[in-house]
Amino acid sequence: MKHLLDIGHLGAAQIHHLLDLTDHMVEINQRPMPKVPALRGKTVVNLFFEDSTRTRTSFDTAARRLSADVMNFAVSSSSVNKGESLRDTIETITAMGVDAFVVRHASSGAPQQITKWTTASIVNAGDGWHQHPTQALLDCYTIRTRLGRTTGFDGLHIAIVGDIAHSRVARSNVQAFTALGARVTLVAPPTLLPADITGWPVAVSHHLDALIGEADVVYLLRMQRERMRDALVPSLREYTTLYGLTPARAARLQPHALVMHPGPMNRGVEMAVDPAELPGSTVLHQVTNGVAVRMAVLFELLGSGSEMTTDAVATAGTPETGTRS
Amino acid sequence: MTSLLIINGTVLDQQGERKADVAVADGSIVAVGADLRRDPSFAEAIVLEADGCIVSPGFVDLHVHLREPGREDAETIETGSRAAALGGFTAVVAMPNTEPPQDSLPTIEFVRSQAIRAGLCEVSPAGCITLGRAGEQLAPLGELAAAGVTLFTDDGNGVQDPALMRRALEYAKPLGITLAQHCEVASLTKGAVMHEGSCCSHLGLPGWPSIAEELMVHRDIELCRLTGAAVHFLHLSTVRSVELVRAAKAAGLPVTAEATPHHFTLTDEMLRGFDAVYKVNPPLRTIDDIEAIKQGLRDGTIDAIATDHAPHPPEAKEAPLDQAPPGMLGLETALALALCELDMPLADVIAALSWKPAAIARLDARHGRPVAVGEPANLAVFDPTAEWTVIPSKLASKSRNTPYAGRTLRGKVRHTIFAGTAVVIDGVAQR
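Protein chains in written order, with the working numbering: chain L, 1 to 325; chain A, 1001 to 1431.
Some hints here could point you the wrong way.
Claimed, not checked - Take a look, some chain A residues computed to stay more than 10 Å from chain L by CB distance:
| hint | residue |
| --- | --- |
| 1 | A1020 |
| 2 | D1026 |
| 3 | D1051 |
| 4 | T1076 |
| 5 | A1146 |
| 6 | T1150 |
| 7 | L1175 |
| 8 | G1176 |
| 9 | G1197 |
| 10 | G1207 |
| 11 | A1319 |
| 12 | L1321 |
| 13 | G1374 |
| 14 | R1400 |
| 15 | I1425 |
| 16 | D1426 |
What the hints assert, rightly or not - Label-pair distances were calculated between CB atoms; the ranges are:
| hint | chain 1 | residue 1 | chain 2 | residue 2 | range |
| --- | --- | --- | --- | --- | --- |
| 17 | A | A1163 | L | R225 | 42 to 48 Å |
| 18 | L | E277 | A | A1163 | 36 to 42 Å |
| 19 | L | G8 | A | I1391 | 42 to 48 Å |
| 20 | L | T92 | A | A1429 | 36 to 42 Å |
| 21 | A | E1315 | L | V287 | 35 to 41 Å |
| 22 | A | M1344 | L | M71 | 56 to 62 Å |
Rather than coming from a laboratory, the hints here were simulated on the basis of the structure. Bear in mind the structure is a predicted one, so any value in this text is a computation, not a measurement. Yeah, the Cβ is synthetic: ideal placement off N, Cα and C, and Gly gets one too.
Required output: the full structure, derived from the provided sequences and hints.
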C-alpha cells in the first residue's frame, strides 16, 4: 500500500489487516514507555490546509510513537497565503526529503491530486466532503473491540444519523462498515442526503424513532449551523426534535448499543444527552483508538516495506529511552 | 493577390456534393469545375492538393473565449485565431467575458483590430447584454449593434433577473441582433463543481443540477414567446433542455441552440480522478444527456456545434477542483469529434459547423456561403478519414487544457482559406 486516500480502495481483507495491526499498536500504547523505533529516520509531514487540532495532534502523536520525525505545516503560517500553488508547496517540501504527507484539505480530491507531484506516501486526513479514511478505520476498530467483533460486522445494524451530504465521515464509514458486513441505514431528512445514492449499499430512513430501538450502533454526525442558511433544515431545535439523540431516544437504545460521534460534538443538538451518562458512548474510545489506528496506517505505508510482519512491530523492540511524545 | 487552386477534392456545401477543383483569387471564388489546372489563367496559382478531402464552406464557431484583453497568459487573439484556423474555422464569435468585458465600443474595436493583425480568421466580438456582465443594467446594445455587433451574451453568467431579460429582449428586437443565454440559475449552483448526480454524490463535490439550466431555458422560451425576439441558447447540456427547445421550435418560436463537442462525448464519470481538466460549465453530464444532445443535433433541434473553447494555464487547472476555473480547449478537436461521435451525414455535420452557426451569428454574408463563383473564399479543406493523436503540446492554443490528450481521432483539417488566403496548408498554420 503506497497511499491511503479512500476507504473504497481497500477491501475487507486490507481493513482487517490494518485493524489487526492496530491491536499491536494499542499494546504499544499501553506500555510504560509507549514508543518503538519502527519508523526511525522517516519523516512525516502533517500538511493541514484546514484547521483540525484533534486530527493533527492524533497523527503527530502516532508518528512520534513510531519514532518518525514530524514536521507540522499549517496553512496559516505557510506560503500558500502568499499565492503559492498546491503543486509548488508539495514539490518544495518533497525536495526537503519526506516519506509521507498527512493531508487535510477543504477540497474534495486534493490528497489524490497531490499524489501526482510527489514520490512520498499520502495519507488522507480528511478532504472536503469526500473521505476521512483513518476516521473510518478507528470507528471500525472501536466497534470491533467494544462489541467483540474481531471477524467482521455480519448481522450488525448501524444507523448513521445526520448530515450525510456534507460528511466525509459518512462516506468513508458507509464503505468501511458495509465492507466488513454490517447493514447500514442512513437517517436524515432528504435535504441532508446526497443527491443521488444509487448503488450505495445502504437503506435510508427519515425516522430515527423507527430505528433507535433496534440499531446496534447509532453514529451521530456533527450538525453545522450554516445548513440553516441553505434551507436544508428549518432550525437546530427542529433538527434535534427529529434527529437528535434526546433522553427519550437514549432510553430506547438496546443495552449493548453503541453511541458514536466523530467529534467535535454539538452538545444539545445532535447529542442532546450527556454522553458521560450513556453506557454505550464511545466518544473518548474513538479518540484513543485514533492514535493506534494512525500508527498502524503509518507503519503499513512506511514501515520497512511490506515484508515486515505485524509481529515485527510488537517486538520492534526495545522502547526508546527518552521522554514520551 | 496570389491565386489558389484547390485540386482533386470533393466539394460539399448546402447545394450538395460534387467532385470539383476550386480556384480562388482576390478573396473570392473565381472558378469551380473539373480540371482547372489546365486553365492557363491559373498557371501561377498556389496548388493545394485535396485528394480524398472535402472542400466545404469554412466553419463558424459561435462560442470561443480568446482571453484578450485581460488574460493573455491563457490565450491571445492571435494564438486563439491560429487554433481556429487549424480547426477549419474562418470565423469565431469571441465571448465578452474579457477584462475589461466587451461592453463598450473601444473594447470591441480593440478585439477586432487584434484579429485583423493576426489575420488568421474573422473574430466577431460578442457584446455583453448587461454592463460588466453584472446583470444589473443594460449594456449599450444599440450603440454596439450600430457598430456591427450581432450577438450579445453575458456568457459565464446567465441573466438572472427575469424583468431585465424581458426588457433586453424587447429592446433588442428591432436592432437585428441575437441575444444568447448562458442558462444557469445561480442560486441553484452555488459552489458547484460538477453535475449533480451519483458521481458527485460519491465524490463529495457540490453539484450543478440539470434543473438550474432547464429553468432558465424554460423561462427564456416563455420570454421569447412574449417578446418575439430571437434567443440563442448556448451550450445546452441536458435531456430536458433539448426537449424544451424542440417544443419551442415546433411552436414556431425564433429560438436556436448550440451544443459543444465535450457535451456529446464525455460524462461526469471523467471527474472520478479529480482532474480539473474535466471541470467545465455547464458540467459534463450523463450518458442519457449525451444521447439527447446527439439526437438534438441529428434532428436539428440543436442548430450548431460550438466549442466553448476556454483556455486556462496549467497552474490554474492544477488547483483543487473547487478552486480550478471551468473550461476546456475545443477549436482544434471539434471537427474530428463531430465526425467520430455523431453518426450524422457528413453534410449535416458541416451544416452544424458552418452555415447554420453563420446564420445565427449573422455572419452569413461572408461565411458559410456556398462554394460557388463570386462567393467570398472562406473555405475548409479536410480529410474525413485521416487519423491523428491529440498531443497537448502540439496544439496552437497557448494553453494545454484539452480533455482529449492522447486520444486518437479521425478527421483532420488540411487547408483553411480565409478571405482568399491559405492560412493553413497541409495542417500547418502559415502565419
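Do the hints match the structure? See the list:
No beta-carbon of chain L comes within 10 Å of the beta-carbon of A1020 (chain A); the shortest separation is about 51 Å. With 10 Å as the threshold on Cβ separation, the claim that D1026 (chain A) sits away from chain L holds: the shortest Cβ distance comes to roughly 51 Å. Non-interface status of D1051 (chain A) relative to chain L is upheld: no Cβ of that chain comes within 10 Å, the nearest being about 44 Å off. For T1076 (chain A), the condition that its CB be more than 10 Å from all CB atoms of chain L holds, with the nearest at approximately 23 Å.
Under the 10 Å C-beta cut-off, the non-interface status given to A1146 (chain A) relative to chain L holds; the minimum distance is some 43 Å. Separation of T1150 (chain A) from chain L is adequate, the least Cβ-Cβ distance of about 39 Å exceeding the 10 Å criterion. At roughly 40 Å, the least C-beta separation between L1175 (chain A) and chain L is larger than 10 Å, which holds for a residue marked as non-interface. The beta carbon of G1176 (chain A) sits about 43 Å from the closest Cβ of chain L, which is more than 10 Å, so the claim that it is off the interface holds.
Its closest Cβ contact with chain L, about 5 Å, brings G1197 (chain A) to no more than 10 Å, contrary to its assignment away from the interface. For G1207 (chain A), the requirement that its beta carbon stay farther than 10 Å from each beta carbon of chain L is not met, with the minimum near 5 Å. Against the 10 Å criterion, A1319 (chain A) falls within the reach of chain L, whose nearest CB is about 7 Å from its own CB. Against the 10 Å criterion, L1321 (chain A) falls within the reach of chain L, whose nearest CB is about 5 Å from its own CB.
With a least CB separation of 55 Å from chain L, G1374 (chain A) remains clear of the 10 Å interface cut-off, as annotated. No Cβ of chain L comes within 10 Å of the Cβ of R1400 (chain A); the nearest lies about 15 Å off, and the non-interface call holds. Residue placement check: I1425 (chain A) keeps its beta carbon more than 10 Å from all beta carbons of chain L (closest about 38 Å). With 10 Å as the threshold on Cβ separation, the claim that D1426 (chain A) sits away from chain L holds: the shortest Cβ distance comes to roughly 36 Å.
Distance hint check for A1163 (chain A) and R225 (chain L): the Cβ-Cβ separation is about 34 Å, which falls outside the suggested range of 42 to 48 Å. Between E277 (chain L) and A1163 (chain A) the Cβ separation comes to about 58 Å, which falls outside the hinted range of 36 to 42 Å. At about 33 Å, the beta-carbon gap between G8 (chain L) and I1391 (chain A) misses the expected band of 42 to 48 Å. Taking 36 to 42 Å as the suggested C-beta distance range, the pair T92 (chain L) and A1429 (chain A) conforms, at roughly 38 Å.
Distance hint for E1315 (chain A) and V287 (chain L): a CB-CB separation of about 39 Å, consistent with the stated range 35 to 41 Å. In this structure the supplied range 56 to 62 Å holds for M1344 (chain A) paired with M71 (chain L), their Cβ-Cβ distance being about 58 Å.
Going down the numbered hints, you'll see the structure goes against 9, 10, 11, 12, 17, 18, 19, while the others check out.
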